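First to last, the protein sequences are chains A and B.
The opening position of the first sequence corresponds to residue 0 in numbering that gives the first Met the number 0, with each subsequent residue numbered one higher.
The opening position of the second sequence corresponds to residue 0 in numbering that gives the first Met the number 0, with each subsequent residue numbered one higher.
These aren't lab readings, by the way, just hints derived from the structure by calculation.
Check before you lean on any hint, since a few could be wrong.
[What the hints assert, rightly or not] Calculated pairs, EDC-like style, for lysine to aspartate or glutamate (alpha carbon to alpha carbon, straight line, at most 20 Å): (1) 167(A) with 182(A); (2) 158(B) with 152(A); (3) 167(A) with 94(B); (4) 190(A) with 94(B); (5) 136(A) with 58(B); (6) 209(B) with 59(A); (7) 209(B) with 157(A); (8) 136(A) with 94(B); (9) 160(B) with 152(A); (10) 136(A) with 42(B); (11) 209(B) with 194(A); (12) 192(B) with 194(A); (13) 136(A) with 18(A); (14) 190(A) with 188(B); (15) 78(A) with 43(B); (16) 136(A) with 188(B); (17) 167(A) with 213(A); (18) 78(A) with 94(B); (19) 78(A) with 214(B); (20) 136(A) with 88(A); (21) 78(A) with 233(B); (22) 160(B) with 233(B).
The model shown is predicted, which means the values in this text are computed figures rather than measured ones.
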Amino acid sequence: MTLKLGVPSKGRLMEKTFDWFAKRGITLSRTGSDREYAGRVDGVDGVDLVLLSAGEIPRELAAGRIHLGVTGTDLVHDKLPRWEQQVEEIAPLGFGHADLILAVPNCWIDVDSLDDLDAVAAAFRTRHGFRLRIATKYHRLVREFLTDAGVADYQLVDSQGATEGTVKNETAEMVADITSTGETLRANHLKLLSDGLVLKSQATLWRSRVASTDNADKAILRDLLAKLQ
Amino acid sequence: MTDRSQIAARAAQMRVRFEAAGAQVVDPPLLQPAGTLLDLYGEDIRARAYVTSDALRGEQMMRPDFTVPVVQMHMSEGAEPARYTYAGEVFRRQEHDPDRSNEYVQVGYELFERDDPADADAEVFSLFALQLRGLPLRAATGDIGILMAAVDGLRTTEKRKSALRRHVWRPRRFRALLDRYSGRSQIPEARQKLLTSAGDLTGSAVQIGKRSAAEIRERIELLRSDAAEPPISETEIHALETLMAVRETVPFAIEQLRDVAVDLPSINPALDRLEARIAALKARGVDVENLDFEASYGRTSMEYYDGFVFGFYAESRPDLPPIASGGRYDALTRQLGDGAEIPAVGGVIRPDLILELEESRS
Chain A
0 MTLKLGVPSK GRLMEKTFDW FAKRGITLSR TGSDREYAGR VDGVDGVDLV LLSAGEIPRE
60 LAAGRIHLGV TGTDLVHDKL PRWEQQVEEI APLGFGHADL ILAVPNCWID VDSLDDLDAV
120 AAAFRTRHGF RLRIATKYHR LVREFLTDAG VADYQLVDSQ GATEGTVKNE TAEMVADITS
180 TGETLRANHL KLLSDGLVLK SQATLWRSRV ASTDNADKAI LRDLLAKLQ
Chain B
0 MTDRSQIAAR AAQMRVRFEA AGAQVVDPPL LQPAGTLLDL YGEDIRARAY VTSDALRGEQ
60 MMRPDFTVPV VQMHMSEGAE PARYTYAGEV FRRQEHDPDR SNEYVQVGYE LFERDDPADA
120 DAEVFSLFAL QLRGLPLRAA TGDIGILMAA VDGLRTTEKR KSALRRHVWR PRRFRALLDR
180 YSGRSQIPEA RQKLLTSAGD LTGSAVQIGK RSAAEIRERI ELLRSDAAEP PISETEIHAL
240 ETLMAVRETV PFAIEQLRDV AVDLPSINPA LDRLEARIAA LKARGVDVEN LDFEASYGRT
300 SMEYYDGFVF GFYAESRPDL PPIASGGRYD ALTRQLGDGA EIPAVGGVIR PDLILELEES
360 RS
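Isolated chain A (complex conformation) (with noise of 0.2 Å):
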C-alpha cells in the first residue's frame, strides 16, 4: 500500500509546498510535461504525490481518497462540516496567509462595525425592498459567522470571482472575500469592519481521519511525519 499525499496543483501555493517539503528532505516534483498533472515524491519510501485544485483537497481528505493533503484553513472550514472530525492539522505551513474578512465601501464612514452594518442593513432593506448583498464564495462561514454576530437582513450572493468588483458594478453592496495585503481592497475603494475578521487562515498540512491505512501505511505515515517533524 501507499499513502497518498494531495497537494495544490499549481501556483505559488504549489512551489511554496514543494520548497517546504524539501527544507525537511523530502523532494517533491512533478514529472512529464508541464500540462500533466503527475508527481513524484523521493526521500521517503511510499508515498505517492496527487496533484489537485487546493478547492478540491478537502473534500478529497473527508472522503479518505487522500491520506495527506495540503490547502487552506479557510477551504476546510467552509467545505467540511464539523471538519474537526474528519481531519486532523498535522502543520501550518507557515505560508499562503489571507484573511477573510467582511469589508464595506470606504465612503460608508458611519460604518466601522458589525453593530453599525446591522442597523445599516435594517434601514437598507426598508430604503430599497431588498435585503443588503454580500457578494462571497464562502457562504457557509459568512452565515455562520454573521447568526452568531446577530446580523439581520442581508443576503450572500454568490461571487466566484473579482469579487471586490461587485460594489462598484452595484451588483452587491459589501463583499466577504480572502485578503493577504488588503491592496485590492483599497484599489476597489473598501475597507476592513473594524471586528469582521471572520477567519485567519494559512496553508496547512492535514491528515485525513476517514482514510483507510493498514499496518504498513501507519509506518509510513509514522516515518514521514518523523521527518516533517
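Assemble chain B onto chain A, guided by the hints.
Same frame as chain A, but now just chain B:
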C-alpha cells in the same frame, strides 16, 4: 428503531383526533417558493432548509415547516374562524449534530380566530396536552407579547424601540442594544469621532455602490440625534432585566410580573391577557398551579411567535428536541396577508419522538 410506517400510523391517529376537534385537513406542497421564506427568516433559513432550483420557478425549498404555507393558504381563501390539521414530513438541514433528523413527520393544528384569543390559546394548548397525556413530559410556557409590550413602553425614542423589537429573537444583539441605550457600554472610538467631527464627512472617499451619499448622511444625522438622547433609565433597564429572568410556576410568575409592572406599566394589558389565558386554561382542566412560565421562553428559536408560546419536553431525555411546540403568530398573518391579518395560534407534535419515548419506557 421505529420504522416509517409506525410513525405514519401514529401521525394519522393524531390527525384524526385533531379532526375530531373540528379541524379541516390540509396538505400543502413539499416544495415551497424560497422567496417567501427568505423574506421572513433571512439568510439563516439557508442553514436550516434544503434549497433546490429549476430554470422556470427559480429557488424552491423543501418544506421546512407547515405554518407558513398554511397561513398563506388561509389568507388567500380561508373562511373565519378556521381550524386546520396536517400530518407530513418536514426537512431540516443539519450541519452540526448528526443525531438530529433531517427529515421527520409533524402533526399540527392551527387555529385562526378573532373573538377570544385567550380561549383560542387554551384550546390549542389543551388539545396538545391531551394528545400527549400519559407521557412523562414537562410543559414550558411563555409569552413574547409581554416583552414586546415592555419595549413599547420604554421612555425612549421610537427608533430605539424599533431596533430593540427587531432583535427580540436575537438575545445577544438585544443585550448589546440595551447596554448601548442605557449608557452602560462605552461608545466605540470610531463612533465617537464620527459624532464629534464637524462638517461634511463624506468628502474624500469615492462614492460607490447602491447605498447613496444621502443615506449615509441620514444615518449620521440619526446617530447624532440619538447621541443627544438621554439614556434609558436604570429603573427601566432593571425592570426589563427582572422581567426577562422570570421563571416560575404560573401563580408566582404573575405575582413577579405585576411587581415589574410598577416600573413598566405598559405591560399591564399584556398581563391581563396572560391572566385571561390562565383562566381559560384552568377552565379546560389544565393544572395551572403547577404549570411553568418563563418570560424569555421562545426567544432563541428562529420562529415567528409573538404572544403565547409553549413546548413539551421529555425530562428523562434532555438530548431530544421538544416533543411538541407552538404559539401565537399574529404578526406572521400580517406579513403574509397582503394587508389582511387575523389572530392565529397553533403547534406541532413529532410522533417519531413519542414512539421513541414509549419504546425506551417499555
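Against the structure, the hints come out as follows:
Of the supplied pair hints, the one linking residue 167(A) and residue 182(A) holds, its CA atoms being roughly 16 Å apart against a limit of 20 Å. A C-alpha spacing of about 17 Å is found between residue 158(B) and residue 152(A), which places the hinted pair at or below 20 Å, so the restraint holds. Note on residue 167(A) and residue 94(B): the hinted pairing is violated, with a Cα-Cα distance of about 34 Å set against a maximum of 20 Å. Among the hinted pairs, residue 190(A) with residue 94(B) is inconsistent with the structure: their alpha-carbon atoms are about 31 Å apart, more than 20 Å.
In summary, the hint linking residue 136(A) to residue 58(B) is supported, as the alpha carbons are separated by about 18 Å, within the 20 Å threshold. Distance restraint check for residue 209(B) and residue 59(A): the Cα-Cα separation of roughly 40 Å exceeds the 20 Å cut-off, and the hinted pair is therefore not satisfied. This hinted pair checks out: residue 209(B) and residue 157(A) have alpha carbons roughly 18 Å apart, not beyond 20 Å. Our distance criterion of 20 Å between C-alpha atoms is met by residue 136(A) and residue 94(B), whose separation comes to about 18 Å.
Under the criterion of a C-alpha separation no larger than 20 Å, the hint pairing residue 160(B) with residue 152(A) is consistent with the structure, at around 18 Å. A C-alpha spacing of about 15 Å is found between residue 136(A) and residue 42(B), which places the hinted pair at or below 20 Å, so the restraint holds. With a C-alpha separation of about 23 Å, the suggested pairing of residue 209(B) with residue 194(A) is violated against the 20 Å cut-off. Taking the CA atoms of residue 192(B) and residue 194(A), the gap is about 17 Å. The hint holds against a cut of 20 Å.
A hinted pair counts as satisfied when its Cα atoms are at most 20 Å apart, and residue 136(A) with residue 18(A) does not qualify at roughly 29 Å. With a CA separation close to 17 Å, the supplied pair residue 190(A) and residue 188(B) stays within the 20 Å bound. With a C-alpha separation of about 18 Å, the suggested pair residue 78(A) and residue 43(B) falls inside the 20 Å cut-off, and the hint holds. The straight-line distance between the Cα atoms of residue 136(A) and residue 188(B) is roughly 32 Å, outside the 20 Å bound, and the hint therefore fails.
Under the criterion of a C-alpha separation no larger than 20 Å, the hint pairing residue 167(A) with residue 213(A) is inconsistent with the structure, at around 55 Å. A hinted pair counts as satisfied when its Cα atoms are at most 20 Å apart, and residue 78(A) with residue 94(B) qualifies at roughly 11 Å. About 37 Å separates the Cα atoms of residue 78(A) and residue 214(B), which puts this hinted pair outside 20 Å; it is violated. The hinted pair formed by residue 136(A) and residue 88(A) fails the criterion: a straight-line CA distance of about 23 Å is larger than 20 Å.
Between residue 78(A) and residue 233(B) the CA atoms are separated by roughly 46 Å; this puts the pair beyond 20 Å, and the hint is violated. The suggested pairing of residue 160(B) with residue 233(B) holds, with an alpha-carbon distance near 16 Å, which does not exceed 20 Å.
Violation of the numbered hints given earlier is confined to hints 3, 4, 6, 11, 13, 16, 17, 19, 20, 21; the remaining hints are satisfied by the structure.
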